[in-house]
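*Asks:* One letter stands for each residue in the lines below.
6 protein chains.
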Amino acid sequence: MNNRLTAFGEFLLRLHCSDDKRFLQSTGFTPWYAGAEANLCVLLARLGIQTQYITRVPENDLAAAGIHQLKGHGVGTDHILYGGHKLGLYFTETGNFIRSTRVIYDRAGSAFTELEPGMINWDKVLEGQQYFHWTGVAAAVSASAAEVCGEGIRAAQQKNMTISADFNYRATLWQYGKSPAEVMPALLQPSHVAVADLDALKVYFNIRTDETLSWQDKFISACNQLKTYMPHLRTLGMSFRLPEGDNLLYTGAIMHNGQPYFSDLKVAMPPVKEPIGTGDAFTAGMLFELINQASPQQIINFAAACGVLKQSIPGDWALISKEEINALIAGGISGRVSR
Amino acid sequence: MNNRLTAFGEFLLRLHCSDDKRFLQSTGFTPWYAGAEANLCVLLARLGIQTQYITRVPENDLAAAGIHQLKGHGVGTDHILYGGHKLGLYFTETGNFIRSTRVIYDRAGSAFTELEPGMINWDKVLEGQQYFHWTGVAAAVSASAAEVCGEGIRAAQQKNMTISADFNYRATLWQYGKSPAEVMPALLQPSHVAVADLDALKVYFNIRTDETLSWQDKFISACNQLKTYMPHLRTLGMSFRLPEGDNLLYTGAIMHNGQPYFSDLKVAMPPVKEPIGTGDAFTAGMLFELINQASPQQIINFAAACGVLKQSIPGDWALISKEEINALIAGGISGRVSR
Amino acid sequence: MNNRLTAFGEFLLRLHCSDDKRFLQSTGFTPWYAGAEANLCVLLARLGIQTQYITRVPENDLAAAGIHQLKGHGVGTDHILYGGHKLGLYFTETGNFIRSTRVIYDRAGSAFTELEPGMINWDKVLEGQQYFHWTGVAAAVSASAAEVCGEGIRAAQQKNMTISADFNYRATLWQYGKSPAEVMPALLQPSHVAVADLDALKVYFNIRTDETLSWQDKFISACNQLKTYMPHLRTLGMSFRLPEGDNLLYTGAIMHNGQPYFSDLKVAMPPVKEPIGTGDAFTAGMLFELINQASPQQIINFAAACGVLKQSIPGDWALISKEEINALIAGGISGRVSR
Amino acid sequence: MNNRLTAFGEFLLRLHCSDDKRFLQSTGFTPWYAGAEANLCVLLARLGIQTQYITRVPENDLAAAGIHQLKGHGVGTDHILYGGHKLGLYFTETGNFIRSTRVIYDRAGSAFTELEPGMINWDKVLEGQQYFHWTGVAAAVSASAAEVCGEGIRAAQQKNMTISADFNYRATLWQYGKSPAEVMPALLQPSHVAVADLDALKVYFNIRTDETLSWQDKFISACNQLKTYMPHLRTLGMSFRLPEGDNLLYTGAIMHNGQPYFSDLKVAMPPVKEPIGTGDAFTAGMLFELINQASPQQIINFAAACGVLKQSIPGDWALISKEEINALIAGGISGRVSR
Amino acid sequence: MNNRLTAFGEFLLRLHCSDDKRFLQSTGFTPWYAGAEANLCVLLARLGIQTQYITRVPENDLAAAGIHQLKGHGVGTDHILYGGHKLGLYFTETGNFIRSTRVIYDRAGSAFTELEPGMINWDKVLEGQQYFHWTGVAAAVSASAAEVCGEGIRAAQQKNMTISADFNYRATLWQYGKSPAEVMPALLQPSHVAVADLDALKVYFNIRTDETLSWQDKFISACNQLKTYMPHLRTLGMSFRLPEGDNLLYTGAIMHNGQPYFSDLKVAMPPVKEPIGTGDAFTAGMLFELINQASPQQIINFAAACGVLKQSIPGDWALISKEEINALIAGGISGRVSR
Amino acid sequence: MNNRLTAFGEFLLRLHCSDDKRFLQSTGFTPWYAGAEANLCVLLARLGIQTQYITRVPENDLAAAGIHQLKGHGVGTDHILYGGHKLGLYFTETGNFIRSTRVIYDRAGSAFTELEPGMINWDKVLEGQQYFHWTGVAAAVSASAAEVCGEGIRAAQQKNMTISADFNYRATLWQYGKSPAEVMPALLQPSHVAVADLDALKVYFNIRTDETLSWQDKFISACNQLKTYMPHLRTLGMSFRLPEGDNLLYTGAIMHNGQPYFSDLKVAMPPVKEPIGTGDAFTAGMLFELINQASPQQIINFAAACGVLKQSIPGDWALISKEEINALIAGGISGRVSR
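Chains as they are written, first to last, in full-length UniProt numbering: chain E, 1 to 339; chain C, 1 to 339; chain H, 1 to 339; chain X, 1 to 339; chain W, 1 to 339; chain Z, 1 to 339.
The hints are simulated quantities; they were obtained by calculation from the structure and are not laboratory data.
Heads up, a few of these hints could be off.
Claimed, not checked - The calculated DSSO-like cross-link candidates involving lysine-lysine, where the alpha carbons are at most 30 angstroms apart (straight line), are: (1) K71(E) <-> K159(E); (2) K273(X) <-> K21(Z); (3) K266(W) <-> K266(Z); (4) K266(Z) <-> K227(Z); (5) K266(C) <-> K202(C); (6) K71(W) <-> K21(Z); (7) K227(H) <-> K178(H); (8) K227(E) <-> K202(E); (9) K218(X) <-> K178(X); (10) K202(H) <-> K218(H); (11) K273(H) <-> K71(H); (12) K178(E) <-> K202(E); (13) K21(E) <-> K21(X); (14) K124(Z) <-> K159(Z); (15) K273(C) <-> K71(C); (16) K21(E) <-> K21(Z); (17) K322(E) <-> K21(C); (18) K266(E) <-> K266(H); (19) K273(Z) <-> K21(W); (20) K273(E) <-> K266(C); (21) K273(E) <-> K266(H); (22) K273(H) <-> K21(C); (23) K266(C) <-> K266(E); (24) K266(X) <-> K273(Z); (25) K273(W) <-> K21(X).
Stated by the list, open to error - Residues of chain X clear of chain C, computed beta-carbon distances all greater than 12 angstroms: (26) N2; (27) N96; (28) G177; (29) L213; (30) H232; (31) G245; (32) F262.
Note that the Cβ used here is the ideal one computed from N, Cα and C, for glycine as well.
Please take these sequences and the hints and turn them into a complete structure.
*Replies:* In structure tokens, the structure reads:
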């Protein structure tokens, strides 16, 4: 099958304050393994895509416990590099509609940030693969990791693989002396598939949209502007949280071969406690249906449904099934008991 | 007092994924004792009705721990049978407005499903009792349990007891070779009181209602059709979850001596995490006010309030008081602190 | 700086049923330290005010653990009295939009209720302090505690301190033979700043407002009536929960130098699980901006934002920062992730 | 059957620091219901004796939850009095071989301590009962509770019941102005059965034993001295913790009709974490075999085995079975898996 | 490499009472995946052997979560069969030196017990494998599972694989109408490697040893008697718990090519709370060193060290490393901190 | 009073696998704040010494929560520096007598390791202080932290403060290019008080003792050899774990003004689960009695008792009282309940 996908990025251990406490109150931390690209791999592998995950972690039992979980979900881990001394960490406290979810990163000096060009044998790693996926986070954590990311992208180009990128802009990363606008355009240029948001477009490419436009027209305008910078781009996805009364409606759109499609799904989100990983689930859903050559409308519906469902699940991974995704697309939100 | 009620059904241990995790993530299970008829007994006993519970459980400490809890709430357990090797189990994962609550049953081969006709001395067990209650679940788990249920119903008839039945249709049970439509009509025929929903009416009696009708008219139409099948029926209750905007309104109705009554209570449910046991609380509330010979409007209000309140309490049992029920009927939902 | 504030009241250990269980189900209790005046001190100290807390606790490790936490948050504890045998306790079970949060007090006979006049050297304790704060709860728990509260108020008057009082009426306290109306007016009379609600105005001063008025006009009417009883009052705050559709809007108002100001913040509260401590956070926010000589509109906005934010945090203490308060005032509720 | 036993004493909620933390660290409390006499009732009821428990508790859900548990274990609760405002509490932190288990009592002012003579209709309560049991704790908490205890004892005498008493001396109670030596001798005088320890004999009766004697001879000497004070005493039990190397051996003795018997069981205790309730289990075991008219050697073996087994079970109640007790007597300690 | 091992048996979910509570007290269950053969696979896979596990589980998320964990530890799961409706369960409560660990099985009717001959394509499954392992539990749960076990053994014989068997006698299983003595001898006959204990030898083969012999001589005598029944047996292992003072010494022995070897390791076990899985770790350790062609003395030392270390780890799986095993063999028990 | 002590070192957050699980199993982490010097400060502050703690932590809520706890215990935190991006972390899994406690450090790049000379105004910080304490860990984590440590030592010398040092050798730290033998001798040289162990003496000074000597003579020999390197040393303490049968005896010794003293306390440790922080408690106990000018025998008894008691308390801090320490010295280990 032509469904072999390799994703590259940092593997993280998230330590989440238990029992909805704040950092200042915390008496226990719940561990979740994470990382934008790992999150994507887990959902794709669960949906049946043959994914492999490339990262670098130290040889200790904290990393091993996470790799075990990836294996359990069927993600290929054979080419993960071992070395360095630190697993990337991040700490979180639960938010809610009143307060934001808050994150304290502790990733500096991790095994991944200390990746050096040449460490990964990309030629071997990408052998027999059709898709290469990376996100802006991988390029944000260190200059050398960004270089290694570039190595991977070039190797994928040489192998005529489909390259997908999630813009994934995190302002508090990018501490190594270069701005995103210096680094990201070149890395993003060869992508065939991408997921972005309006903020990242501003930061990476200085693309701006008229504030008076509807969200749909902002999307179309942004896509049109992006064309010159990303000439190979065939599909661009974007998710939206639209305020409506006291609620937020979650939905999404794709620009596919120059045509915009908007998801039929517009879900008024209940006060979810787990917003983290939503975007990665959206991206995984979009890639899944792209790989399956589904219709554009089905692609964006599936992606949006993945994003909605993720918000109902604690942790970073969208542990959902095709049946659940399709049920949501077909019937919306219900609140029933499945006995 | 004329308030002695006997309920018959399977006693279950529910194992619920702790901390809102999914089955695939679960690192702990919270135990709740359950069973539609046990749930009903607990609420009725707490409200002051003299209830006894008839079931069959194995002689082990898992069953004993549950029987202890029933005793604690004042449910009569003297005639429970001991034998067999397995307590019925079910596993659940929390749902929410996005995802359904999910159930994995593990009840096959339980002490209750292996009940055989003749095992229960119904004549002795029902001595001095005025009410007999059972639900469709008891007839769904095995042919022999359905037969024993029939024994109980016939014994109750001979003693001129009031018989109440909750239709309680569970599609994933009914594995023993007979369809509900073959079994249920004869068992339900002698009932004086019943609780149903439109799905069960379709499955058990092939009763259908015009989709274009209002929910109130559907209810009236269904009741009218049911008359020929259940000639002794004096009171039929039904609860409803009505979509309204992004909310679900919970309410209920009864047909009592041929007249329909609709609850004054229509509560926009907040995103409850515990839908399980709602129907049993509704039924218990309805029976309680029937036994008290309350007015039809009070009966349906009380029943609906029990159903609403149950959704605010984890576990299968409606651990609520008359004061709380009446406060809800009087004042609706508030969100205050009772100091 | 002129920002030294002393608060006087009972220190409590709250034992809260874990995992949203009811008292009847509880298998664990989460400890929170509490007390209206301690709650206020914690937020003021975190915002930078030099607060000290005067109370009386027994010499045991349950009290010590709470004092440690006060110290941790920067509250002055040097003048706390040690003696007696019991720390005041209260037990709570979580409410939600369906069911009220419930409280069982166990405070009778506590070290604080056994305070006797003369035990506190008010002259020394209030040396160099500019603000004195107390609440109606301190006067409600015992005759002698009410007397000691009066001692403190008189000492504060002699030192020309600003006196602030939270009406804080709790019907189930007040068991010592005097009614609130006999005790509170004299104690409240010297206050310069107060927080009240319409119920307490009725109980303490028999002030009533026309039910047909808007909430704003009720507020103005009540303030006007209160003038004769509290001649020194410069600022009176009140918070409101206004029903709107299926939601409750939280907002607040102050009467400042005779002029009413209404908060710009009107927040539709999501189904919060922690209403306790909201009023104390509101009061702390109001005092903070009064001490800072902020504009009246800023005072009420800040107070209301503190009240809103508190409801997102488990426990009795508003562990929030100036940044979070200002962000809420500026942007309302969002549900974002702060990475 | 002649096995109806009534026990009288204070019902308590114990709040135990979870996860072996100290009071100063505690982030959660595990609730256990307790009270020397309740502990005894639970074991006796589980072993098949018809026990009823007389106490006084407030009408709230904290008390109700405990009463539910007593009912669950088969203890009769029909004559429990409801009133007052406070359930007796005690807080504990886990000890181990290095540090003692520590207790903070919070029982003053409880519903039980406020019992007044005449409140209990002893004549009705003791109707049809053969055994009356009380302990020194009931007389230690307040003058009026001691008087009510005396009422019960006199009523039991008039009905020719067998009276058993556990000396149960707690130095930190006895705060009401009388010393144990003033109160206990008269209350103990009518007892037919008792459990004591050498400390309590000293405090209550000024009975002393020669320090140079073996523990067996101390026991015999103490029993002989006690005769003059307790002329009706037929059976006196005592448990011992004997140091041996780095271990403590647990064992027991009874003086029965003037003859001493020493348990065959001498168990080197592993580092148990739950010493609380050991004495009550010992007493219950002794009473059980006395009621069964077992041989003196069997009585003391059974009592000692109950004491040993209790130390393996968290909480105050000896949730053990006759099978486990007999297996321990027969085979000692093993460490096997019972599959 | 010649280190491909296939193990066949039932996969189980164990639900263990949390916080050292008894069944009667349990307020939470900790899940552990288990099964004698799965336990062995996990340790062997962690040590570097290529293991695959053959079992049958239902298609639900409780089974899937366990399979994920096996994959995580590197156990091959590609040939696991899906079908049936129930995952085998067992419930446990923690024992200690005073009380036994107790087990309640709930395995009847599981997907594994309903295995039928012909369901497993043994020829395909065992392709390229060198070792086949099974235990007495697989033959104990149902007649058809025992037959399927026999199919596997015969297929392994035809492929000239090395067959190893753990006698693993569980008295409470074996409910299907045949005694172990009727079933086990024929199944065990072809084994080249086995682990047994003296009880199982008695039950399966009526082999008895003189009670007056030392444990070493009992071992030798039993091995000699077994020869006639198991003519292909090259290596037999046995572990021992030897009482010594108040301690139990854990050690082991093998008979290898007719020569007895006794482990140098004799460890006084501290009061371990997790005896479950000890035997499976011992067996895995023995097989590992047999596959490695280690010296007999090293084989038994390694096996005994695995058995010792397992007892320090909660759950059924020996999550230990070669380094830890070798450190224990080299240096015994220490109690240090590895920083 | 002359009891002002300043300690300097790294502040750490320890994340400990909950429920005795291994890293590979962990489903929750319990947070403990730590650091050898912080541990010492907490015990000294609790015993009544005026301690202040100098460290550097990032400005985030993880650090703030720990500083709050220090304040709560009375440790002076006014001169703590804020800056950098990372709080030092370490992860632990519980050991026991079978397996070692294991540690994974994650401290590289922490705010403390990035301390630079000149950042701390030692002159101001040490004003009015009499004692300066540091440990080998502070010098092990980075070259610049070691330099800053040297700055502090020199400042303390200039102020004629008493300097105490804990050798505290951690092999896995010391990654910055210098060996301990290059760094430590010069830093240790000015110390008046020290705690060491035989390993550290070997590594830092190449001091060796004859393996055939008794532990007492090894201690004396080592002290004598150390004199030339540490000419100002008046008091050297050392703790010992001596194997005795299956137990380890914990005890200690000091060399004081040239005379050796051995603790009367030799405690057979039960299988403790928390060895961490033992040494710091020993050191704190020794310093406390030195500051109090106790007799040498009392000093070493007190220090050893602190070390023993710490092992009974989870977390890094010895939350013990003078009463508990003295009770242990007086009476040894008991296992009683303190009611």
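*Asks:* Against the structure, test the hints numbered earlier, and report the numbers of the ones violated in rising order.
*Replies:* Those not satisfied: there are none.
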